[in-house]
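Q: The listed protein sequences correspond, in order, to chains C and G.
Under our numbering, the first residue of the first sequence carries the number 1, and numbering increases by one thereafter.
Under our numbering, the first residue of the second sequence carries the number 1001, and numbering increases by one thereafter.
Accuracy of the hints is not assured; some may be wrong.
As the list claims (entries may be wrong) - Straight line, CA to CA, 30 Å or less: simulated DSS-like cross-link-like pairs of lysine-lysine:
{"id": "1", "chain 1": "G", "residue 1": "1197", "chain 2": "G", "residue 2": "1123"}
{"id": "2", "chain 1": "G", "residue 1": "1226", "chain 2": "C", "residue 2": "266"}
{"id": "3", "chain 1": "G", "residue 1": "1142", "chain 2": "G", "residue 2": "1020"}
{"id": "4", "chain 1": "C", "residue 1": "268", "chain 2": "G", "residue 2": "1155"}
{"id": "5", "chain 1": "G", "residue 1": "1142", "chain 2": "C", "residue 2": "266"}
{"id": "6", "chain 1": "G", "residue 1": "1155", "chain 2": "C", "residue 2": "271"}
{"id": "7", "chain 1": "C", "residue 1": "29", "chain 2": "G", "residue 2": "1142"}
No wet-lab data here; the hints were simulated from the structure.
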Amino acid sequence: MTTSSTSGLPKLTYHVWTVWRRNFDVFMKTWHVNFLPSLIEPILYLLAFGFGLGTFVTEIEGISYIQWIAPGLVAITVMYGSFFECTYGSFVRMYYQRTFDAIIATPINVEEVIAGELLWGATRATFNSAIVLAVVAAFGLISSPLFLVMLPVAFFGGLLFAALGMCFTALAPNIDFFNYPTFLLITPMFLISNTFIPLATFPSQLQTIALAVLPLTHVADLSRILVVGKVETLGGLSPEWVLILAVFWIAIVTTVLFILAIYLMKRKLIK
Amino acid sequence: MQIAGATASVNTMASQVLIKARNLTKRYNHFTAVDHINFEVYKGECVGFLGPNGAGKTTTVRMIYCFSPVTEGELTVAGMNVSTNSREIKRMVGVAPQEDNLDPDFTVLKNLQVYARYFDIPKAEATKRAITLLEFFQLEEKQASAINELSTGMKRRLILARALINQPQILIVDEPTTGLDPQGRHIVWDEIRSLLKQGVTVILTTHYMDEAAALCDRVLIIDNGKIIETGVPQELVKKHVGEDVLEVSYDEDVLKTLKEELPEAHIEIFGDQIRVFMSQPHGVFEHIITKFSGVNMSIRNANLEDVFLKLTGRKLRE
Ligand SMILES: Nc1ncnc2c1ncn2[C@@H]1O[C@H](COP(=O)(O)OP(=O)(O)OP(=O)(O)O)[C@@H](O)[C@H]1O
Ligand SMILES: [Mg+2]
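One chain only, chain C, in its complex shape (with noise of 0.2 Å):
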């Protein structure tokens, strides 16, 4: 909009930080509703997965089945978090509730807005893989020290899956519309991208696939070694070259995404 032209990086102040603080209200008014189901679905997929299909499925890698789909349950926390936030919460609030366009007649401009939602989509998937790490905690599945460690890869990861959210949002004509990308994106990764099957028992062209354009097989690999300690040897990999893989992945996609979603969201609200 009214900054400069169209082109270039996002001119982002700390403007971005009052628009964050804008949906961390509103959060807060009904925390309790808004924590409750991190905390009920880790344990239902828990006790339906590990300790059902657990009784099937005895081991991979060394750990119980209930064990390994523990930091699966985390990422795939991380991913619904912020991409249901910045879809679906950022389309009510840019399209029916109008709170951008009032935002934006403030000294607020509109790549700040989106900043600030995107940051706030991160900060989502933060809070409530923080809870899912909990309730895996207690129940006694965390193997590695470095299990903290997941609350920033969480972040980041988040900022991720909220940027990608935020260019559908950017392209929806309607809010039906973010039916395609949740059943043909958000669903497959939940089920293949090493979540709760193991990739690597899949065909290793599959294998390649999940490695080279699905963000979820990353935060999963990540979320993994930080809370179990292990990762496998994938699509030919072996697992320190999955875990750089994944960290100059997330940085590299986040990155991009971020500002492609301002730059897509700058070009619908700008009339």
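Following the hints, put chain G with the ligands in place on chain C, whose structure we already have.
A: For chain G with the ligands alone, coordinates are given in the frame of chain C:
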């Protein structure tokens, strides 16, 4: 009450240009909504943008408050270019938009507090200002209510209160009283007058000609993205319609006779009414009334609405 940041007296700044537009143009894709318009707004005055639906009023004010980028031409506010100094401009402007964009996630009071935070106003100060504004707009009893519990008129008033939270030097109000009851309108008018007294510059758009006549020092009449007339309301009335208007119940024969009797008059048909405008109606209208003694006729004072309808035609827009 003291709401505004500006304090200088009205007289001393009467000629200081605050907003200046030169060939200001706005296109949406290939549709030209605002078409090379030129205008100035002087410090401390109240300027009204009048025009039919879709004329380009909202589009114009949105460019002033740096919401929509300018397609072509030049627009400066307080000497600053809207495309390079938006942040500074937005700090000194208060905006009450046409549509309701209050934050439904917060209560009435919290809406003002959160909005104040966007302007970096410290929390204690924000709360103080918010309470004062809520009192003035007679919303203090609603301060803990959710937005969806407010009536349309209360929402309008809250939007105005919100526009004043940063103590703006320029207040832009897009249709401030649409949907308000007579009491609500007078609250808003009083507020605008008191702001004008404090030296605030006010830009308003409205469809109510009585509102424009009551508040505006000058009006700009816009149609199809162009300014077709500008001036002081009373002078425009004199210039375009004269002092009096003769209103006659519609009748084909009477219309014919009137046209014959008053060849130099401007005659228009509004629904079931014939209106006769003349530059020198004195005696003539009285003469007509005696002549058509059986026909329902009356003389009334001309007003801004007559000017508006004459200049923009009677066709419904959009
Ligand atoms: N975002 C947009 N995209 C395309 N066209 C637009 C957009 N906003 C406004 N227009 C068009 O620009 C023209 C001017 O609209 P604008 O809202 O400025 O009118 P207005 O004078 O405020 O009307 P009203 O009295 O109904 O509020 C209209 O024809 C409208 O359809
Ligand atoms: Mg309008």
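Q: Taking the hints in turn, state whether each one holds.
A: Hint check results:
1. G:1197 / G:1123: holds (28 Å)
2. G:1226 / C:266: holds (28 Å)
3. G:1142 / G:1020: Judged against 30 Å, a Cα distance of about 39 Å means the pair is violated.
4. C:268 / G:1155: Judged against 30 Å, a Cα distance of about 27 Å means the pair holds.
5. G:1142 / C:266: Since the Cα atoms of residue 1142 (chain G) and residue 266 (chain C) sit roughly 35 Å apart, the hinted pair is violated (cutoff 30 Å).
6. G:1155 / C:271: holds (25 Å)
7. C:29 / G:1142: holds (19 Å)
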